[in-house]
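In the order they appear, the protein sequences are chains E and X. The first sequence begins at 299 in this note's numbering and counts up one residue at a time. The second sequence begins at 2 in this note's numbering and counts up one residue at a time.
Calculated directly from the structure, the hints in this document are not laboratory data. Model, not experiment: these values are computed from the prediction. For every residue, glycine included, the Cβ atom is placed at its ideal position computed from N, Cα and C. Some hints here could point you the wrong way.
Said to hold, decoys possible - No farther apart than 27 Å at their CA atoms in a straight line, the calculated lysine-lysine pairs in the DSS-like style are these: (1) X:Lys47 <-> X:Lys113; (2) X:Lys219 <-> E:Lys480; (3) X:Lys27 <-> X:Lys95; (4) X:Lys47 <-> X:Lys207; (5) X:Lys158 <-> X:Lys219; (6) X:Lys207 <-> E:Lys480.
What the hints assert, rightly or not - Derived Cβ-Cβ restraints for the label pairs, each shown as a range: (7) X:Lys64 <-> E:Thr549: 40 to 50 Å; (8) X:Ile70 <-> E:Ala571: 13 to 23 Å; (9) E:Asn301 <-> X:Tyr6: 42 to 52 Å.
Here is how the chains run, residue by residue.
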Amino acid sequence: MRNTFSITIICLSFLIFGVFLSLSNNLFYTAKELSKNMLIIFFLEKDLPEEQRNSIEKRLNESSLVNNVHYISTGQALKRFQQNFPELQGIIENIEINPFPASFETNLAEENLSPETILRFIQVMKDMEGIEDAQFNRDWVERMQSLSRLAKAIGFFLGGILALASFFIISNVIRLNVFARKEEIGILRLVGATNFFIRIPFLLEGIILGILGGIISLALLFLLIKFFPLYLGASLGALNEIINFRYLSLTQATMLIAAGAFIGFFGSLSSLARFLKV
Amino acid sequence: MIELYHIWKQYQPPRWALSDITLHAKKGDFFFITGPSGSGKTTLLKLIFREILPTQGQIVIDKRNILRIPDHRIYGLRRSMGIVFQDFRLLFHKRVFENVAVVLQVLGIPRKEIRRRVFNALRMVNLHHKMWEYPPQLSYGEQQRVAIARAVVNNPKILLADEPTGNLDPELANEIMTVFKEINMQGATVIICTHDRELIRHFGEKILFLYRGKLIRKEKL
């Protein structure tokens, strides 16, 4: 009975932790998706010699961050402008010269998408001779950056608090168990049992409680992730993509169970000390 | 073997449970401690196996001052003792076999050897046929015999027994005392607290009389 209660509590706290972990997974995933389609345009200096242009192109192609590189000549840029904005045709005709610089349009590769890496890459390219300016969606990069930071902070904060809460819950549950078996511990001490001998079953109990709590909470989380979108998804609309839960990775799931075992071990260790003084 | 020097014990002031007890028991001694209820017999035993600490005085067992043994090392002292508690202190959710075996399990003795020794100890107290029952299924006297089997199963160097025959019929009490005598013959120091005058008359060698926490008489029959 007491153990059912303790597993329920451990399981609930792990479940809350799991829900946030899954949410934060989703934030990371969304951020990643957003940056996947990010286009960076490098504008070239006017009348850039072909060798220099080729070396820039080579440099871009060599970068592991770049998925594909597309050269847009001044003529192509003008043509595109005319196609996109036919009503502004007159302005261009009045200028007589072609004001559009040549450029390289690059799509970022899916991997290596940390915002810091992208910014650093852009800076390095801008420092290269022949590149006049770079245009990219700075807002998105920054937003993505802060989103990731926020998700991380929430994860750590809630994770920390809940891990601490689980530790105290397990510690108290084991303390109740130890208290209920106080007499038995006393008898064991009187017949010459070492503290280690007395501790082992309680430590195992703590570890098993932690692991069971972890496994059950993972199962519940699985069900939640499976059925929650069906239940609420339709009414959430666009928000659904942000609030959507994502399954924990195998590493995260293993870590959760290992954390359960760890918390169980130390929770029971901390509650045993004062009963071993007979 | 067991030396008590000017032991005073107070649970709650102003009454002293024990006052200035000095006592020496040699290896192979067979002692009875007797006296009316509340005279301090159980307190004296509890001090020897260090369940409680004296308010004043020193206790030396096997040349070691037991008051200086740290809590986490006390198991060494207790492994050299067999104790029959007045309230038996059995594990009620464990079978008779396990109750006796626990003394050997804590020593890490192999399972086969444990089975053999537990069976022998239970046969000595005539309870081997109830080995797989739980203590609540046993009578008071039978529970007491389980406690005795647990105390003797490891051939202890010191055997302490608090009213070990209190719930047994005279015939069985004599058998138990014979078991204690056998252990004593093997070199163990035995200290038994009892009210039972008949028992003392029959088996007594050295007798200590306690009255209101004071050792009033030492007697050798």
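The hints, checked one at a time:
1. Distance check on the hinted pair: Lys47 (chain X) and Lys113 (chain X) sit about 33 Å apart at the alpha-carbon level, beyond 27 Å; violated.
2. For a cut-off of 27 Å, the pair hint linking Lys219 (chain X) to Lys480 (chain E) is broken: about 38 Å separates their Cα positions.
3. A hinted pair counts as satisfied when its Cα atoms are at most 27 Å apart, and Lys27 (chain X) with Lys95 (chain X) does not qualify at roughly 36 Å.
4. For the hint pairing Lys47 (chain X) with Lys207 (chain X), the CA-to-CA distance comes to about 20 Å; that is within 27 Å, so the pair holds.
5. With a C-alpha separation of about 23 Å, the suggested pair Lys158 (chain X) and Lys219 (chain X) falls inside the 27 Å cut-off, and the hint holds.
6. Of the pairs offered as hints, the one joining Lys207 (chain X) and Lys480 (chain E) is violated, with about 37 Å between alpha carbons and a cut-off of 27 Å exceeded.
7. Between Lys64 (chain X) and Thr549 (chain E), the C-beta spacing of about 58 Å breaks the proposed range 40 to 50 Å.
8. Taking 13 to 23 Å as the suggested C-beta distance range, the pair Ile70 (chain X) and Ala571 (chain E) conforms, at roughly 18 Å.
9. Distance hint check for Asn301 (chain E) and Tyr6 (chain X): the Cβ-Cβ separation is about 49 Å, which falls inside the suggested range of 42 to 52 Å.
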